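Enquirer: Read off the chains here:
Protein chains: 2
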Amino acid sequence: MAGRRGLSAINLTFLGTASAQPSLTRNHSALALRLNSDVWLFDCGEATQHQIQKSTVRMGKIEKIFITHTHGDHIFGLLPLLASMMNGAGGTANGIEDPRAHGVQDSSDPIEIYGPLGTRAYIRNGLKYTHTLLGAPYVVHELRLPSDPPDGDYTSLALHASESPNGRNILQTNGVWSDVYHDAIVSVSAAPILHSVPCVGYVVTEAPVPGKMDPAKYKPHLKRTNTPMSVMSRLQQGESIELSDGIILQGPPRRPGRKLVILGDTYDPSPIAELALSADLLIHEATNAHLPVLDSNTKAEDTFESVEERTKSRGHSTPQMAGAFAAQIGARQLVLNHFSARYPGNDHVDPTAKTIMEAIARLAGEHYSGTITCARDFMSFDVKEHV
Amino acid sequence: MAGRRGLSAINLTFLGTASAQPSLTRNHSALALRLNSDVWLFDCGEATQHQIQKSTVRMGKIEKIFITHTHGDHIFGLLPLLASMMNGAGGTANGIEDPRAHGVQDSSDPIEIYGPLGTRAYIRNGLKYTHTLLGAPYVVHELRLPSDPPDGDYTSLALHASESPNGRNILQTNGVWSDVYHDAIVSVSAAPILHSVPCVGYVVTEAPVPGKMDPAKYKPHLKRTNTPMSVMSRLQQGESIELSDGIILQGPPRRPGRKLVILGDTYDPSPIAELALSADLLIHEATNAHLPVLDSNTKAEDTFESVEERTKSRGHSTPQMAGAFAAQIGARQLVLNHFSARYPGNDHVDPTAKTIMEAIARLAGEHYSGTITCARDFMSFDVKEHV
Numbered sequence: 001m002a003g004r005r006g007l008s009a010i011n012l013t014f015l016g017t018a019s020a021q022p023s024l025t026r027n028h029s030a031l032a033l034r035l036n037s038d039v040w041l042f043d044c045g046e047a048t049q050h051q052i053q054k055s056t057v058r059m060g061k062i063e064k065i066f067i068t069h070t071h072g073d074h075i076f077g078l079l080p081l082l083a084s085m086m087n088g089a090g091g092t093a094n095g096i097e098d099p100r101a102h103g104v105q106d107s108s109d110p111i112e113i114y115g116p117l118g119t120r121a122y123i124r125n126g127l128k129y130t131h132t133l134l135g136a137p138y139v140v141h142e143l144r145l146p147s148d149p150p151d152g153d154y155t156s157l158a159l160h161a162s163e164s165p166n167g168r169n170i171l172q173t174n175g176v177w178s179d180v181y182h183d184a185i186v187s188v189s190a191a192p193i194l195h196s197v198p199c200v201g202y203v204v205t206e207a208p209v210p211g212k213m214d215p216a217k218y219k220p221h222l223k224r225t226n227t228p229m230s231v232m233s234r235l236q237q238g239e240s241i242e243l244s245d246g247i248i249l250q251g252p253p254r255r256p257g258r259k260l261v262i263l264g265d266t267y268d269p270s271p272i273a274e275l276a277l278s279a280d281l282l283i284h285e286a287t288n289a290h291l292p293v294l295d296s297n298t299k300a301e302d303t304f305e306s307v308e309e310r311t312k313s314r315g316h317s318t319p320q321m322a323g324a325f326a327a328q329i330g331a332r333q334l335v336l337n338h339f340s341a342r343y344p345g346n347d348h349v350d351p352t353a354k355t356i357m358e359a360i361a362r363l364a365g366e367h368y369s370g371t372i373t374c375a376r377d378f379m380s381f382d383v384k385e386h387v
Numbered sequence: 001m002a003g004r005r006g007l008s009a010i011n012l013t014f015l016g017t018a019s020a021q022p023s024l025t026r027n028h029s030a031l032a033l034r035l036n037s038d039v040w041l042f043d044c045g046e047a048t049q050h051q052i053q054k055s056t057v058r059m060g061k062i063e064k065i066f067i068t069h070t071h072g073d074h075i076f077g078l079l080p081l082l083a084s085m086m087n088g089a090g091g092t093a094n095g096i097e098d099p100r101a102h103g104v105q106d107s108s109d110p111i112e113i114y115g116p117l118g119t120r121a122y123i124r125n126g127l128k129y130t131h132t133l134l135g136a137p138y139v140v141h142e143l144r145l146p147s148d149p150p151d152g153d154y155t156s157l158a159l160h161a162s163e164s165p166n167g168r169n170i171l172q173t174n175g176v177w178s179d180v181y182h183d184a185i186v187s188v189s190a191a192p193i194l195h196s197v198p199c200v201g202y203v204v205t206e207a208p209v210p211g212k213m214d215p216a217k218y219k220p221h222l223k224r225t226n227t228p229m230s231v232m233s234r235l236q237q238g239e240s241i242e243l244s245d246g247i248i249l250q251g252p253p254r255r256p257g258r259k260l261v262i263l264g265d266t267y268d269p270s271p272i273a274e275l276a277l278s279a280d281l282l283i284h285e286a287t288n289a290h291l292p293v294l295d296s297n298t299k300a301e302d303t304f305e306s307v308e309e310r311t312k313s314r315g316h317s318t319p320q321m322a323g324a325f326a327a328q329i330g331a332r333q334l335v336l337n338h339f340s341a342r343y344p345g346n347d348h349v350d351p352t353a354k355t356i357m358e359a360i361a362r363l364a365g366e367h368y369s370g371t372i373t374c375a376r377d378f379m380s381f382d383v384k385e386h387v
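Chains A and B, in that order, give the protein sequences.
Under our numbering, think of the first position of the first sequence as 1, with each following residue one higher.
Under our numbering, think of the first position of the second sequence as 1, with each following residue one higher.
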C-alpha cells in the first residue's frame, strides 16, 4: 500500500456469489476490494480471471489475496489467476533459456496470499505439477490454528522458484489473528469461523480519519492573529495550534475509519464476533433458505427448522442466521452472499428472481433491522464514510 | 463403453481453443469427443465446466478424460470438473457423517483419466488440500516416458479416498503407448510429441466397420436356394455363407474405421507420425502466425522465419508447421486449434476476425491440400464415415 496517504474510496465488487457449483448467473466465490486503485481479492473460485476480464477490476492491480478456506469453490481459480497476473509460462523448448526458471526474487514486492493451513502447500504443489513458471514473486502467509502444526509448510516439496521464503505462519493471540497486515491507513485482522473445514473471517479496518471541520469556526481567530491559513490542514488532521495571542485552537477529533467484515463459509461465526463489533459492512453467507411456495424444490416436510438443521450440518447458514449475527455485532449494513445455485443471480432483470432474492433478504430481516442486500455477480458499490 | 455395438456418430465439440490465457471469445483448451452418447474429454483448462454448461455436451456422460500435458491451461479445470461431475462436497460440520469421507469404491466404473507423469500427483494433491470428497471413484493411468520413473505415484501422499488403486503406469513399446484403451469398437493409442514439457498426442481409432453391401447382388442366390433372408445381416458383417447348392457368398470386406489424431501443444509431433498415418482428422495446434498487415501487433522486423523460430522456442507451432505435418501423415482433414489470445474466436460473426482466421488457414494450406478448419469455441461437427 506504498504511497497511499488516505482512502478516498473503498469499493467492493462481487466477482462470484455462488455456493459449490456455478450457474449461468452466479460464478464461484470471489470478491474484489478496491482501496483507491489497489485491489485485494477475497477468495478465488474457478474462472475468477474470466470474471475479472468482464468487470472493471484491473488484474494488474491485485496486490493481496485473502483465502477464507481452501475448499475448491473458493480456491480453484487461484493458480490460473497467478499465472495470468504474473506472466506465467510453461517453459521453453530444449536448450532455450527462460529466466523465470531460476526464480524471480526481484525488487518488486511479492503478491501476498493469506489463508489457512494448506494454502501454501496447495499453491506449491499445483505450480510444480503444472510446470508453471512465474515472472514475479509471491509469498504465502498462513493463519494457523492452535491444532495446526505451528511450523513448516505442510508439504515436503521445496519452495517454488518464485515463492518468497518469507511466508509467515501466524499464530493466534487470544483466539484471533491480530493485524496480520497493517500500514498507516488500513489493517487486517482475522478470526476463525466455524465451518466443515478450517475457515477464517477477515476484518479490514481503515485507520481513524480526519473529523468533519467547520472552517468558519477557525477563520476569525486565524485572521485576528495573522496566522497563515495553511495551518488549517494541520487542524484538519486533528492537531492543536497555539495562536500568537495564547489561544489554543483544537482541530476536530478523528472519526473511526470504515470497518468491513468479510466472512467465508460458516454455520457459526461467533469466534469473530468481538473483532467484528460495529462493522460498517458485514458480508455473510446465506447458502440455503426455506422458501415455501416460492421455491419449487421445497419438500413437503421442510420447515424453517429442518432447513436450518440441514444447512448447518453442511457447515452453512440460512438468511436468518446471517441476520442474527449482523444484529449481534451491531453491523450497519449486511450483504448476503454465497447462494445455492438454485437462487438465481439475475434479480436485477428478472422479476421471478427478484421475488426470490427479496424473500431471502426478508428472512434475514426477521432478526436484523439494518440495510440488507443480496449480492449478485458484478454488483459493485462504495462503502460510505461515517458522517 | 459397455453395451455399445457400433458407432453411429462420432462428434467433436470444441469447448476451448485458446493458448495460455483466455479471451472473451476463446477459453482454455478442452475438447469433447462424443462416441454415440458417451463423452470423452481431451484436456480440461480452467472453466471447462462453465463451457460445458453452455454447450450441448452432458457432464454426466463424461467417462474418460485424456490430458495431453499438465500445463495449467490444459488441466486447471480438471479438479473443479471432477468435483461437479462426481457430486463433490467439502465435508460436514462436526460430528455429522458423510459416507464420501470413507471413500467411494462402489460398483460403478471409475472415471478414467489418462495423462503424462504428474497427472496423478496433481489430482491427488489438489483434492487433499481442498478437502474435496467425491461421490464416485476415479482412476489415473499415466503414460510414462523412458526417462520417467517406471513405478510409483510421483507424490508421497497416500491415495485419495475416492482414487482407485488400479491406476496403471503405462510404459512405451517402440516409442509409443499402444492401445492404452480398447473395446470392441474403438481403441486409443498415444505417442509423445515434442513440447517444452512432456506432452502426448492421442490417436482414437474406430474398429473396422461393415463394408457397403449391394443387396441385389445376393438376393437372387438366396431366393434360388430358399435361404432365409436373415443371413443378409451375417453377410453385412463380412462373413461368408455356403448355400445349399455349394455356392459360397462372400459379404463385403470391412472398411477401416474412422481415425482421429488429437495433439497437444507441440513444436514437432514427428514421434507420433507413424501412428497418425492416414488420419481422417488431425487436430493440430497453431499458436502463432506471421500475419503482416492483418495483425497490428506485427513487429517491423518480423518475418515468417523469425516468427516460426520464436514460436518453436516456446514449444509451439505455426499454421505452416501444422499443414506440413498434416501432409506428412496424409490426413484427410486438418483442424487448427490452440490460438494465441490475439486471434479472435468470433470469426463466424465478425468480418475482421474472419479475415484473420482465413489468413491463418491459408498459411496452413501452403503445405497441405486437404480441408482446413480453424477451431472456435463451441464449434461442433460429426466426423464422417468413409464412403
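Calculated from the structure, these hints are not laboratory results.
Quick caveat, the model's predicted, so the values are computed rather than measured.
Ideal Cβ positions, reconstructed from N, Cα and C, are used throughout, including at glycine.
Misleading hints may appear alongside valid ones.
Partial chain B-side listing against chain A, Cβ under 7 Å, derived [to be verified]: (1) S84; (2) T92; (3) T298.
Enquirer: Of the hints stated earlier, which fail here?
Expert: Of the numbered hints given earlier, the structure breaks just one, which is hint 3.
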